[in-house]
Structure formats: structure tokens, C-alpha cells
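Trainee: Spelled out, the chains give:
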Amino acid sequence: MGILEVKDVNKRFGGLQALGDVNLSVAENTVHAIIGPNGAGKSTLLNCLVGKLIPDTGSVMFAGQSVLGRKPYEINQMGISRVFQTPEIFGDLSVLENMMIPVLAKRDGAFKLRAIENVQDEGELLAEAEQMLDEVKMLDKRHMHAASMSRGDKRRLEMAMCLIQRPKLLLLDEPTAGMARADTNNTIALLKEIKEKRDITMCIIEHDMHVVFSLADRITVLAQGTPLVEDTPERIKGHPKVKEAYLGEAA
Amino acid sequence: MDQFIVQVLNGLDKGSAYALIALGLTLIFGTLGVVNFAHGALFMLGAFCAVIFSRLISLSHEIVDETRTDFLGNPMTVDVPYMHDIFGPELGASIIDWAVPLAILFSIPVMIGVGFAMERGLIKHFYKRPHADQILVTFGLAIVLQEIIKAFFGANPIQTPAPEAFTGSFDFGVWLGYDPLTIMYPYWRLVYFFFAAVVIGAVFAFLQFTTFGMVVRAGMADRETVGLLGIDIDKRFTLMFAMAACVAGLAGVMYAPIVAPNYHMGMDFLVLSFVVVVVGGMGSLPGAVFAGFLLGILESFASMPAVVDLLPGINQIVIYLVAIIILLTRPRGLMGRKGVMEE
Amino acid sequence: MLGIKGKDLSVFLLVAMLALLAPFLLNPFPVDSAMAQFNAGYPDLMQRFVIFGIFAIGFNILFGLTGYLSFGHAAFLGVGSYAAIWMMKLVSLNIIPGIIMAIIFAALFSVVVGYISLRRSGIYFSILTLAFAQMSYALAYSVLTPITGGETGLQIKPGDDPLLSNLAEGEIGRANLFGLEMGDSAILRAGGWEFTMNVGYYVCALVMLVAFYLAIRIFRSPFGMMLRAVKSNQQRMNYTGLNSRPYTLAAFVISGMYAGLAGGLMVAMDTQVGPERMFWTASGEVVLMTILGGAGTLIGPVLGAGFIKYMENIVSKINSTVLHEWFAFLPDGMEDFLVTIFYPFVGKGWHLTLGLMFMAVVIFLPGGLVEGGQRIASIFRRGKKSGAGDESAKQETPAE
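Residue numbers (our numbering), protein chains in the order written: chain A, 1 to 251; chain B, 1 to 343; chain C, 1 to 400.
It is worth saying that the hints were derived from the structure and are not from the lab. Treat the hints with care, as some may be off.
[Said to hold, decoys possible] Cβ-to-Cβ under 8 Å is the rule here; a few derived chain A residues that face chain C: (1) Phe-13; (2) Gly-15; (3) Pro-72; (4) Leu-93; (5) Leu-96; (6) Pro-102; (7) Ala-110; (8) Gln-165; (9) Glu-244; (10) Tyr-246.
Note that beta-carbon positions come from the ideal geometry of N, C-alpha and C, so glycine has one too.
Chain A on its own, in the form it takes in the complex:
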């Protein structure tokens, strides 16, 4: 049993079958990549995992519990964090405050009215946030206005915000989309480091084969809403069905 089990998931938008009988099993502490051409249903699948969309049929189980019908914040509290295609951070807040919010959410849950306590008195949490910032080499930027940072820094901050919650599963939605090669390589390096240092399962949706083959332990190829093959990177390379899906060649 994997930590994430997707069974027979279907999703239609009007006449369009976005996902058809998707089955997916992500093993714990692995990096699992989902690839596929445009319109293959990658983003729809991801949105079904985080509670943004509810599949028409099928089940999505995370660590033995169903995620269906739960709100995004409940799913996060179960231990799933998400990195967006364009970094989603709290632009109006300082970098350190950006880190404080996820730790507070981890400790206090989805809502807790702590209106009289002072954030500055949260010594432990502050130390934790600073340590995490140090780990992603952003400690010197902790008082910066988050919106004023470069895109690469925003990406790193977003990942740090996810990691500080110690999620069991980290979902990454095209984490290198629109990045220059150098930034992409930095991100790959960062993700590799995370993979080595932590007990974490990652599920990456990605276009860039370079990223996928540098990181993934297993790859699922999605085409027209259905998984074509699932295998190790070595065997996916040159797999006839994959070629067909991407190039439209007759096999």
C-alpha cells in the first residue's frame, strides 16, 4: 500500500472526460512524477488530490484516510502540502512572517483565536522558522518584504513554507515552469537535498523531462486523462507508448 492511493477516479467537465479511470499508487518516501502532454489531465488530477475539485467517481486515500469531500485546509492538516506553478506566498508580509504562518497552522490547527498573545513571544516557533530559513539559505532575507524578492527566492520561500510543516506528501505543480535553466538547476538541487535529508514523499507534475529524470523514482505517464504506463525512469525512456503519446507517432 502506498501512502497515496488513487482508485478509479473519473472527472468530467461537461462533455469532456478530463480523467478516466485513473489509478495511481505513490509509495512512501519516493519521488513520483506524473508527466504527459498538454491537456492530459495532470492538473485536474492534482486538484482532485488537494480538494479543489471533487472527482465524479473513485476514491483518493491518503495514509489510509479518504481525502474526498475535504477542504484544501483540511487536506493540508492531514499532511499534504502543495507548491504552485507560480509561487504563492504572502507578498505583503515579511519573509519571517511567511514562515511563521505555516508553523502556527501546524501547531494551532485550522483556526485558533489567539488575539492577545504576541507573535514575538513565540520563541520556539520563531527559532524553528529561522532554522528552516537558514536551511534554504534565506536567513539574511528574513526581514524582507516577500513580494519584493526575485522569482527564484519566492519559489524557495514557498518550498520552505511547505517543508516547515513536515508534510508526509509534497505535491509540486510544475515547480520549474517558466524558469531559466540556472534557476531550474537550483530547484533540482534543492529538491534533491530535500529528498535526501527528509522522510518525505513527493509527487511532481512536470513538463520538463530534465527535471523529471533527475529526480523521479517512478514515473506515471498520463494521456487523455488515463495513465498509459507506470515505471522507473530508465524504462520510461524510449517506451513506445510514451513516444506515441508525445509525438503522436504510430507505434
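Since chain A is already given, all that's left is putting chains B and C on it; use the hints.
Mentor: Positioned in the frame of chain A, the structure of chains B and C alone reads:
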């Protein structure tokens, strides 16, 4: 049934005003992305165009009339409007009588000028600012405009009658086969409704059939792309704003005989017109018109004695109540497009 | 001190000083001088300063932190006022129960309005709150007349005999705090100056300081940070395991309670209430105050409320005679000319000045008076720095 028709008719004129103001608001919002809280003030300015125009053409000078004498036997001085001198007494008198409809011609250039000045001088600088800022600055402008009017015309409403030909009521009932006097409808309100229908039709035709309109509609759908096509969208949007101001002004001019113009009438209408826009769906022109009439008529139904007896106070709150229900059940309003004003 | 430190503490102490010394600070001119009309140190006006200050501080917790622009907050003020006057008519002339009930009722009402309105955001939220406030106004004006007194409103009348206050036959009750009457004042005379120290004002000022102190704590608390997160990025918030709805609702209710408190205090000071207190222009006024002072800043709303109420009272008092006096030193023609120019902006034309001022702030100073102050301060600082010598200035330029 006759009661039903009476209420529908009663709702039409207010509904027409809501629809016209809401139409302009939506045009401005849809094209420029600006929430214009000064739009009610434009309606009010229109109504005062009628006042100013009727005062202008009633300007008169004194002459001594030898044929008439006062009680002391002296010749009497009488006021003679210049219009009588220019067009002769009869035509002159009817021109003065027809001041309100004629004021339309006066108001169009005035309102276009006002709209132009407003957009170039103020609104232009707020395209990229948050909606809250737009609301606030136009709210400030609305206060300024209404205070200026108050300074010149005082706080009291100014009666501005319709032409004599339109006083009295039209017996709708007879026309539809009811007994006489069951369904009476003032002529002027009928005129107002048809006038509103024509203006609304003209705006839609303009947007539908002219190149300009096409660009504006495209801009409403996707401003950035249209900008990328190398079309100078800003210039057109300025004209669009002037046009929306003009529509609000026209709504005001013709409304003057229905409600005597006063300086705060714009604010009274603004709040309701905003509710209308939101109910119709932000950015949807047909929605604005439809919701305008719908809410006008609903308000009139809620004012029926039978309804008020059953639910006291419902006439005062029905529009807001409907707005709340619609916003909760249909977040985008009746005909709203996806993605408008949803952050 | 008190769990706040640094800059916050100095801001709090500054406001406390201003509030406590207001009767002196606002009466800088001797009674007989020509400038005496610019004295603002009379109880009625000072009470309004701090009461509207409370209203704006509360509004700022919602608007300044979460960015949700409510156009219906006057409804909570009105509900609080009605609750308070009924307590004073029926239960006790002591203002404490009245104010407590005002807060409770405003809280209950804001839970309902907030729960529904917060299902939408942006302009839809503004319109929903506006709709609720207008409905409350219309109902208070008409159907609810038995409870609200309709157009004339409610006031304490000779026949009112509150349970806990022993009134003599026919005596009209007066609001008090454990026997201390709100209307009582001590007048201090020194030379040509006169200072009125009013009980009601000091009660309001103390309440305002408590309210301001709590607002500071909220701003610096985890809750306050969450509210800023709501304003900044709700999507990220939801994917960080936080439910933004209860946070915004809590902010909405807290600001509604501040409004209720302000409404209760208004009744405590001036024992009457009418429905116009709930009209949407009243909601607009608190928005103006907050923005003018500086939304999202601590001291902004207090400054904005004080500024608007001060200007309203002072500017609206200037009439043509006063203007003529001012310009009397000029030649007649010039004098008349200047009077004609200024006249529309003063007296009854005060709203025109307000509107212009408001536009000017939104256009040039989106951060309000606080931003204006900061800009001026930074000009001074820069002035000092350049005076210190060119060398340090050179060193500060970044290497790249």
C-alpha cells in the same frame, strides 16, 4: 390581474432609471475596470441640466405694457422671456413649455464634456489602483459634485414640470379592455419608459454594430489582448466613459419631472444602482438592464397595500433582500461572467 | 509594559497623553480672543473625537488588516445605540449595563451579517454589507418603530423609571457611572483661558484607551498576522492548513463589537438615538476616517477620526462674518473677493471641503495622514544625513 399590470407599470419608470444608471456603471466597470461611485452624481447632474436649461430659456427682461394698468392706474411692467422676442409669443411659450425634452440636446454635450473631463482628469490615474481606492476617490468626487450643485441651487428640490401635453394620465385599462380608470399611468412616465428603451437600444446597437463597439466589447472580454493588438484602447475607453456619463445624464434629464431634482438624488440612486449591477452580474450589460427593470418592478409589487399588510416594511427592503439572496445563490449575479471581480 | 513594547508602546503613550490632555490641548486660545472659535475643547466635541476614534479603530481591524471593505458598519453602531438606550430606559441609568448590552447586541448582529456577507469577497462583500445596513436603517425607520421610535428615535423621557435607579417622581434620568453624572464638568480657569474637564469625556477617553490597547495587542498577535495573511493571499492560506473564514468572521465580529461599543458610548453621553445613525453615509464616514488616517496602521484611524470631527466642527462654524473679519486688513475689493472665494468651502459648505480633502488624500497620499507624516519625517532624516557629510552618503550607495 389589473393590479398586476398597475404594479408592473409603476415599476417601469423607476426600473428604467435603475437600468440606465446600471448600464453606465457596467460599461465603465466592464471596460475600464473602475468602480465608479460618482455615477449617481452624473445622474443628478443630468437632472440639473434640465433645471439649468429651463432657467436659461426662461430668462426674461422687463417691458412696460401700456395696454394694461395696475390698480393705481399706472402702466404695468411685465416680464417677457427672450424666447418670445426671438420666436414670437406662441412658439416661444411652447419652447419654454417643452424645456425638459429640449434639455436633452443641451445635456448631451454637457455630459460628454463632464465625462471626458472626469476620465482624463481623475479616473485615468486610477486604472491600476485597487478597487477600494477607486471607490473612495469617486465617492469623494460624488460628494464634491453634489456640494457644488447644492451651493448653486440650494438644498430644496426644484420642481421641473413636464410639457403640458404630457400632464395627466393615460388610461391603460380601457386600452386593454378593463373598466375605465382601473389602470391609470401618467403620460410622462410612459414617455420616460420609451425614452429609456430607446437609449438602451441605441447603446446596444452601438456596441453591436460599430467597429468602435466591437473593440470595446473585445476590451471588456480581454483588455490585455486587445491592447496587444496595437489598438489604442485608452482613447476609446475615454469616449466610452463619456458615453456612460451621457447615458446617466440623459436618465437624469428626463427624470426631472418625475422627481424634483435635488442635490442628493444621485446618492439615493447610486446605492440601488450598484445593487442592480451586482444582481445583474458585474460586467454584464444585459444583466444590468434586466436587473434594473426586475428590481424596479419588484419594488413596486412590494409596495402594494396587500403585500405591506402581510409583511410590513417589505417595500423598504425588498431590493436589498433580493440582492442578498441572489448573491448567495448565484455568486456572479443573474448574468455575470466568470472571473469578473473574483479574487 | 502591559505586553507591548518599543514603537507600539510609544504610540500608545502618545495617544494616551493626547487623550488625557485633550481639554487643554484643544483649547489653546483664550476665551475672549478672536481665535476662540477654533477651540475644540468642549465636552460634546471631545466626546465625539474619542467615540468615533473607537469606531474607526474597530473598523480598521477589519478593513486595515483583512482588506474586506464593509459599507455597513454603521448598522452595528446603531444596534448598539438602541440596545444601550433600552437598558437605560428600563434597567439602569448607570452606563455600564447599557454599554455591555450594546456590545453584546452588536456582536450578535455582526455574527449574522458577517456569516452571510463573508461568503463573498471584493465588491460583492461591500454590497452585501451595504444591503444589510440599508435594510436595518429602513426597518428601524418604519416597521420597527415600536422598538426604535421610528423617525424621531428614542430618548430618555420623564416617564422612564429604570428598575435599578431610584428616581424621584417626574425626575428625568441622567446617565451616570456609579453616581458620577456624565454631564458633570469641572471648569478650570487660568488667565484668559478656560478648560472644561468633563466626566463623560474622561470616561470615553479611558474606554478608548482600553480599546486602542486591545487593538495593538490584536495587531501584534498571531491572529492579527493571520488577518494580514487573509488580505495578502487567501489561496496560500487555505493550502497552509488554515481556514480563512472563521478568521475573517472573528475580525468582522470584533470590529462590529467596537462599533457597538461606540454606539453605546454615544447613548451614554447623549441619551438619545435615531435611525439616521445607521444610514449608509454614516458607514461611509468611518471608511473615510480610517482611510484618511491610514488604513492598516495603528494610530491612523484615531488621527482620521479626530481630524474629520475637528474639521467638521470648526470649518462648519466659519460664516461670512468670520471671513470678513479675517480679511478685514485687506482693501475692500480684495476682501470681498477672497470672502467670495472661501465662502463656498466653509460653514454649510463643509462637505465640499471634506470631499476635496478626501480626494486629495486618496490621490496623493494613499497611506493617509500616517504616510504623510512618514514622508515628512523621511525628508527631515535625509536632510540630516546629507548634512553629516558626503563621505557617509557615498558609502551607503550600493556597490552594484
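Trainee: All hints, please: hold or fail.
Mentor: These are the hints, each one checked on the structure:
1. Phe-13: violated, 21 Å
2. Gly-15: violated, 29 Å
3. Pro-72: Holds: closest Cβ of chain C sits about 4 Å from Pro-72(A), inside 8 Å.
4. Leu-93: Status holds, d = 6 Å.
5. Leu-96: Violated: closest Cβ of chain C sits about 11 Å from Leu-96(A), beyond 8 Å.
6. Pro-102: holds, 5 Å
7. Ala-110: This hint holds: Ala-110(A) lies near chain C, its Cβ roughly 4 Å from the closest one there, short of 8 Å.
8. Gln-165: holds, 7 Å
9. Glu-244: Hint violated; Glu-244(A) Cβ to chain C Cβ min 35 Å, cut 8 Å.
10. Tyr-246: Constraint on Tyr-246(A) not satisfied, violated at 30 Å.
Going down the numbered hints, you'll see the structure goes against 1, 2, 5, 9, 10, while the others check out.
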